[in-house]
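Student: As a plain string of letters, each chain reads:
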Amino acid sequence: MNAFCWALTSALVIASLPQGQVPGLPQAAPRTALVVGQVIDAGTGVPISGVLVEVRMQAAAPPPAPSFSTQTPRVLTGSDGRFVFRRLPKGSFMITAEKPGYLNGAYGRRRPGGDSQTLVLFDSQKIGNLRIYLWRHSAITGTVVDEAGEPVVGIQMRAFLRTTVAGRRRFVAGGAVAWTDDRGIYRIHGLLPGDYLVAAVSTKVSVAAATAEDVRRGGAVPSAITEVGAAIVAGRGSSMHVGDALLTLGGSATGPAPTNDGHAFVYPTTFHPNTASPGRATVITVGSGEERSGIDLQLVPVATRRISGVVVGADNQTAIPVRLMAEDAGDALLEQEIATTVTDRAGAFVFPAVPVGLYSIRVVQGARLLGGRTGTSTVIQTAAGTISSADLMSISLLSDFSVRWASFPLAVGRDDISNLSIALRPGLNLFGRGEFVSTQAKSVPRFSQVSVLIDSIAQTARLAPVAGRFDDAGRFTALGLPGGRYVIHVGSPPAGWALQSITFNGRDVFDTPMDLDNTDGTGMIFTFTDRPTEAIGTVRNGAGTSDPGASVIVFPADSQTWSAMWLSPRRFRRVRVEASGAFKISPLPAGSYFLVAVPDDAIGDWQDPSFLEALSRGAAPVTIAEGESKTLDLRIREPR
Amino acid sequence: MRSLCALCLIVSFGLCAGTIAQQSSRDVPRKPGVGTASISGIVVTDDPDARPLRRVRVFVNNADGEVARTTISDDAGAFRFDGLPSGRYLIGGAKEGYVTTNYGAIRPGGPGSTVVIAEGAARTDIRLPLLRGAVITGTLLDPEGQPIPGVGMRALRYAYTANGERRLTAVTTTMAGHVTDDRGVYRIYGLPPGEYAIAAPAIGSMSSGDEILMMTQSDVQRALDEVRQSSRQQPGSASDPTSTISGAADDSRAVGYATTFYPGAAVPSQSLVIPLSRTEERTGIDFQLQYVPMSTIRGSIIAPSNMMPSRLTVHLIATDEVMLSETNSEGRRTSVTAKGEFSFVNVPPGPYTIVAKAAQSASSFFWATSDIVVDGQSEPQVSLSMQPGLTISGRVTFDGRSAMPVLSRVRVVLVPFLSGGQVSLASAPARVDNSGRFSIAGVVAGKYRLQAAIDGPSGWMLSSSVVSGRDALDLPMEVRQSLDGAVVTFSDRPAELSGSVRDASGQPAMAATVILFPADRTLWTPHSPRIRAEQSTTDGTFHLRRLPAGEYYVTALADVEEYEWYDPAFLERVVPSSAKTTIAEDEKKAVDVIQQSRVR
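These protein sequence lines map, in sequence, to chains A and B.
So the first sequence is numbered by our numbering: it starts at 1 and just counts up by one.
So the second sequence is numbered by our numbering: it starts at 641 and just counts up by one.
Extracted from the complex, chain B is given alone in its bound form (with noise of 0.2 Å):
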């Protein structure tokens, strides 16, 4: 259980860094919930028609996180939300079978836009259009083209990772699974206009467990001629008492099924991408999985002497390129035995990493990791060099006048810097003691970014990690053995960067996406604190803060995918149409920029 809540924090803190508009005001506890400030409006269909759309699930989420409500809209498609505080509030709507919209939202599920509303002010005028989904159907089969039920069909789409690279990605919709029937049939609803892969995920039973062998013809006919042969013999006296291994039949393969592609494709980048224009509905999207070959992966662990190998567990993780979904649990893992050895059965062709950890007591740590691309052809071999965990441990320091927080409530954490198909086997944060001290133990070699945050509300901002005399927040750090002494610092003296979106005639830009970003390329890493974006409100305005000081571009565009600025050639291809501009600790500094159309 502690484990899991330790996984909790890991998530909510690398996300931290990447999503707009949350680092932001922490520093002004506030009590949550009450003001004389009032949003209405009405929700509409998104068609010539526009007609009032009842039942919708209506939200309203302040930046800061403090404040989230959700109604749903009567009859006339009326909405009501009174006695809201002041605030810079995010609005949307939510309908099964629709596409969750986003206020000021430029394409239907886009980034939406910020409404700033005073205390005792009442916006009524709220106007939000929901489009009807779009569809996509159709049939799966197996191999001899009867019907597969159960399977969790995916639709999937290009868009960035949180790490700013391209990838297929399973698309969320409002629906609860897209499950084939008993007729193989699937239906994917709700989906935004858009160009979709469609993906059958390997079938559990077909892709885990033991090995499973093909039939073949001969096989069988070889099988009834001794039947044959048998029955004219007396039973019990017949042959082959040599052979000791069981088995089915001699010549059969090994196989199962492998994640598919429409139309029936084994990698994703084979999978035809199906156009879907607004509330299309697409049908006849059937295909069929075919049978792959399946291996069994063997290995050894090699282990040094002080280390119990019975505490040892192998995961065997599949690093390809789509994200099936945001998370999974179902990582396949198996024990070693007493001689150190261990196998992976049933395996579908594809990149995996092994992973093997040895966790013998919050102090002790083994490891050891390898990638292997397993084909179908081969019998793969690994062999893995068990090696104990580091350690990184210093100190925290405050660099200000503001009242220090109680240091039990600041948390250390080493972030993994990965790309492509990378794993890390995560470490626990850590927590500061009484001295200012901490130690994060169980540490695999890699690269990362030693980050620390504060829980709850505080003025103070993380400004610099430094280990070994390099700085380990802007960038990347190589982790090669154990550390002492690094200094993680915060400050109290945080900039701002405020402004307003004009767009080329000179009017307010609403929603529009303001990006922020380091003039020094070598500091473009995903989730650097150099690197924000914020949606312009709908009066055109923005406001950064807890910023780093330093020499920054800084550039409006409409409609750019989240996470993409943290991919190089995007900041690469819009530093000609960006502003730079120079920002000093503490500063609370005013630009306007002018919205730019997209470079692609």
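So here's chain A without its partners, still in its complex pose (with noise of 0.2 Å):
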């Protein structure tokens, strides 16, 4: 596989090209460059047609997240693998490539999943022979029985992948949702390879029945019960009754009748081979392209307690949405929600079937939600059924919101817990500040001109993110946050200017997720410099020329922290080299580092300590000093 990374000569693309070579631009930038190219199987070699290619300009002035607007038709592939693009205008250009049943692939990657790069053409230039790879999906598969040995049909299996979060070793959940068959056969593909655990996943979603009841005869479902997903209507197995609370069925395995008294056994999310603890799952490695069968899994019912309770303290008690995760989400291998229901017209919500464990309650309000854009949309009835169409013109987002929340944690044990009281309170704000650090007497910007996102590292939260502002003092406020972990997102700054840090409390918040508890947190400092501390270079090859298929590993030369990486995520980087063969790491904390140059395609799990200190060996630490752009040429080697 190796072989075509290196057939691939950077000749082929022209980066940075020097000013001035096409004098005399005409106003209209003329569309004269042509590209040729092809894409392989990165498996087998083979040409792969019907690829949906795509070119996508880089916008002039990039905004905070690169944008790219689309110029050029997209084109199919023909048998022989091959696509052209016309008339292409001088620019920075991304080329995608997609086809279901492969990791989608980009000019510039190397590897499943790796990074892409920039295509950089120039006034006329002609390439002819450029390529895209596509890896083919992964699979696992496997069968799911009950404690009966009889196939369980039709619930969701989910695979999860290892990576690592915020310097955390976290699983997410990756590739296509998966169901199980007639036969209790699924198969979830779709993966890129790597480390997962394979679940069937089961949230328990319930209302009280009188709750219910309300909604059923009250015509309009509220918004937060159709946003749990929960059936109020317990006919056609639709759902089932216990105790007082409605529980949806389906997705997830059928379980027995609940007892007379009230109680259910259920299905908890289960993950291979029989285990409801994450932590004591099994690993299941998957190569690229490859097809893990085998991976069985048999459910057992568990007993369950009713975990009953109100929330106090909200502006309106009726439908707050209330959520059961496992554990304490943030310090978990993997966030399971697993149980969800909606408070009645009193405030009143009840779980009715929790099995034993450790929990924690959660309950926002007034939150914006990830996809509960509001908005109007045209119904369009026809003789068969109803069509509804969202209007263009008038999405509203809610703009005037007050966040109340609470959360904590529930072990439940042999009991069930009655009368909880969950009271609300007022969402969290951030203060702070930004400075401009000039080395040059150079004059302020605008605090306006940056934008702020306080973004919630809960996957299952679906949490909007919260901007932040700058006032032109220069203070800064972000309002309404329920309390939970967060990692903030600075838009990019003026020009001429580089965000260098953010403290909270002093210690380094840029990159790395920060706690918000039970009280306001005061004390960010954002701070701009006119010149980043920064590492800059070439990566070059043993014949000396640059080379585009490295990336380049920086971290720190303390072999002690590299254990320990989640204390500061942001001295441990890799960067995928440009087409040229530079790289920029900025803005990076002082320090002392090793900055090695791999191969994209060979590195691994770089984050893990072995493999740093496989990486480290022969290499020559590297200490930058505040606000130094050091200048480094790297020599591209194997690990190991």
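Certain hints may be false.
Stated by the list, open to error - Pair by pair, the computed Cβ-Cβ distance ranges are:
| # | chain 1 | residue 1 | chain 2 | residue 2 | range |
| --- | --- | --- | --- | --- | --- |
| 1 | A | 409 | B | 1060 | 57 to 65 Å |
| 2 | A | 148 | B | 917 | 26 to 34 Å |
| 3 | A | 148 | B | 1010 | 56 to 64 Å |
| 4 | A | 227 | B | 1046 | 27 to 35 Å |
As the list claims (entries may be wrong) - Quick look at which bits of chain A chain B covers, simulated, 3 or more residues with Cβ under 8 Å:
| # | region |
| --- | --- |
| 5 | 49–57 |
| 6 | 117–127 |
To be clear, the hints were calculated from the coordinates, so they are not data collected in a lab.
Computed from a predicted model, the values in this text were never measured in an experiment.
Don't be surprised by glycine CBs; every beta carbon is placed ideally from N, CA and C.
Assembling the complex is the task here: the two chains are given apart, and the hints tell you how they should meet.
Tutor: Below, the structure is given as structure tokens:
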């Protein structure tokens, strides 16, 4: 597989063309460049037909997230896998290729799920042999049976890929959602190579029976009930009374009928081979394009308790979603929503069937939810049914909302728990300031140009990011955050400036999650500089030519820190070089580092301390001082 | 959000008119729930072994929907419901991989028979046979013969729409999805026996968004020649600075996928029907998608001067004869340029309706529609002339001595009368004010039935709605201009018809469909309040409530398909075997009906 990487010579790709080579550029940029390419199966080397290839030009002034605008129609490759883009203007381009059954490919991508590169074209440039590689999806398949050995039909299966989130090992859902068929067989496809947990996922959704009755009589279903997906009618087997609640059926395995005292046995989320705990599950390693079969599961129903209580202190206590998460979602290997319900008119809630275990209860009211955009729609009736089509012009975001929330741990043991009282409290606020630190006595730009988003790292919270604001004096505020763990995203700073650091009470929170527990956060400092601390350079191969196939890994010289990456994930970085072989890691906290260039397709689990140990051998530490722009040329080498 | 709620109301309202037995006893307000009757029994496999079947979701619903319960069969297949109030119950069972079965049904998945039970009584003999569903499985391939993952396949069969038209309609089973896997394999299970067509719906990325051009050998060859030539020249000095159109290659054609039917047909009428017997596993239903030429629809809007074009949305609705799903929320839409132009790119061949709507405020609304057939050859052009929305207003009256309901509980709605591929912009139901007046704004010209309903229980029945001197309840009216003076009348003197159904040997016939329809053939329209159908109970009785007075035919048949009674051809066939009966206002009439054999 390596061969093709090296076959792609950097001569094809001209980057950083010296300015002034095309003198007398007319006002309207001429469209004279031409790209011919080929899409190839990375596993077999065979060209792939029917691939949808798209070229997008990078906008001249990149907004925070680099955005590309469509300039040219998409094309489908013919039988030789080839594609042509004509009449391209000069500029920077991204080329992507997709075909069902393959991971998406892109120009410059050297490994499944790896980074892409920008293609830089000059006027009239003609490129004839650009190559894009696609990797086949991997798949996991197996059979699910219940405690009696009967196949479990029609339940949801998910694979969770091991990854590193902010320096911590986590498992996040990957690949397609799969459902067991009538033989209990499932097949999760669309997977990247990697380490996975496989689970039969079960979130118990319920509403109080009285609430369901109210809703049914009232006609309109509160959006919270729709959002949690609760069935409100017990008819046709869609849900079942468990005590005074209506438990939604379907999606997960059907357990036995509830007992006379209103308790039910349910199938909890179960990981391969047969455990409810992700920590005790077997990790399945899947290679590129590999099919792992025989990943079977056996489900066993467990006894449950009834947990009930009331939410107080809400603006309007009706239909507030209440979620039960496994342990503390922030530190667990994997986020698991165990049960969801909504409050009734009096703010009361009940979880009718909760297995014994450690949980956290989480209630958020009034926050914007992802996907919860409101807008008008046009309802079109046909002879056969109704079509609802959203109107374009009238999508309005809620702008005035007040957040109330609560989150606390809950241990469920031998007994039912009743009369929990959940007091909602106002959203937390963040305060601080921004600083522009100039080394050249530049005039300080306006702070209001800088956008900040405070984003929850909880995947199941479905909270929309909250925008923070700077006033003209540089004071920073972000209002109405439910407690939890957040990361801070800062939009692109004014031209000529870079964000050097974000600190929260003296701690570095740049790219690092910060916890908001009980009180407002004060003392956030955003420091912008016109001279960022950074490392720049070019990666060359043994022959001394620049190497577009490399990634650069930077990590602290102090090996003590390697196993505690989460303390300072900013010091552990990997960047893909540009097509010219150039790289830039900016900003970087000042310190002593190893910088190593390796072939991008040889990067495995680079955050593993033993891998870092191997990389560090024979490398010389580099010290980068505050405000220093260190230039380094790196020679590529195979790890180990 | 508000308009989504309105949608829910419209949907439930629209269906109200048609479903069996739901117009029944709203007039008896009753506490939900609890009584002293019980129903119990056993679920077994519907095969010669008749094994007990565990983990079946067994449900009972009473006829008016006030009681709905579900339990799970135990390891011996047994189930039990206690504490039921007296009433008429439908019983059924559902289990993944099996055909959802109603008690008393004469075919798997067919309509069931109601069980009548009194307070204190116990029915212990309910035997519910569940048939293991049949399976259709195969592989979906792309035009190059490679598997296509991620396509949500549909099994379709001919069924009556709510308007009494026979169409290929997607079958719903207990399955969550029928999506092809990475090998292109799909497996649709839980199917009742019958005749099926299989459809692969168009794939989103290949049938929406921007144009997709198919590369040809000559495109590639010519481009490679240019590259070769230019490598001998100085970069920067090359040719063709005149062309300004962005594009891929010159002679490549725009392609995409359209919905394809097994064994590869583009239109449903050419699909091959697969007969499926009980519990059969039919393998090898493999087929291949083909690229189809895609078109761009270009259009222009002619707007009156008082309309703000910025608030205009244009919707593209496919109006072919197949129902791939009951509701489709993925209608394509676009906005209009300042010059009043719009376009839809990447449109597969087929019939469409374009609907333009500009809602500026609750009272100011403009609309236009146009039908168009896209053939993949020509580039269709449309011109839409925006017209102001119409308003239908009037008042609600109550003819009777009962206490009037709270007027705010009354909703008036215009239900469009559509057939075939016709579409209509829905207007929101109107509330009635304190003086009994209502006003439905934003109405599009067309044929409508003017209906009204009272939320919650009441003893009132909608008896007529008169617009411009014509009844717009029995017969849809043509709305061409705004109208005032509509009168919607509720009556508290509904008639009823009850009785029993007997078979040829004089025995009570359970699970027969009793059909009541007007003697006047001009009233044979879908959702007419005079066309009624109800399943007989297990002891062969039926009870039709809230009937308008008039002259009717009544008959009873085994195995009638849902909504078949709205098909005039069907009614014409059953007239000879039907009995004529006249029902007066407020009359509680009893008749006995002999079950007839099916005439097809």
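Student: So which hints don't hold here, by number, going up?
Tutor: Violated hints: none; all satisfied.
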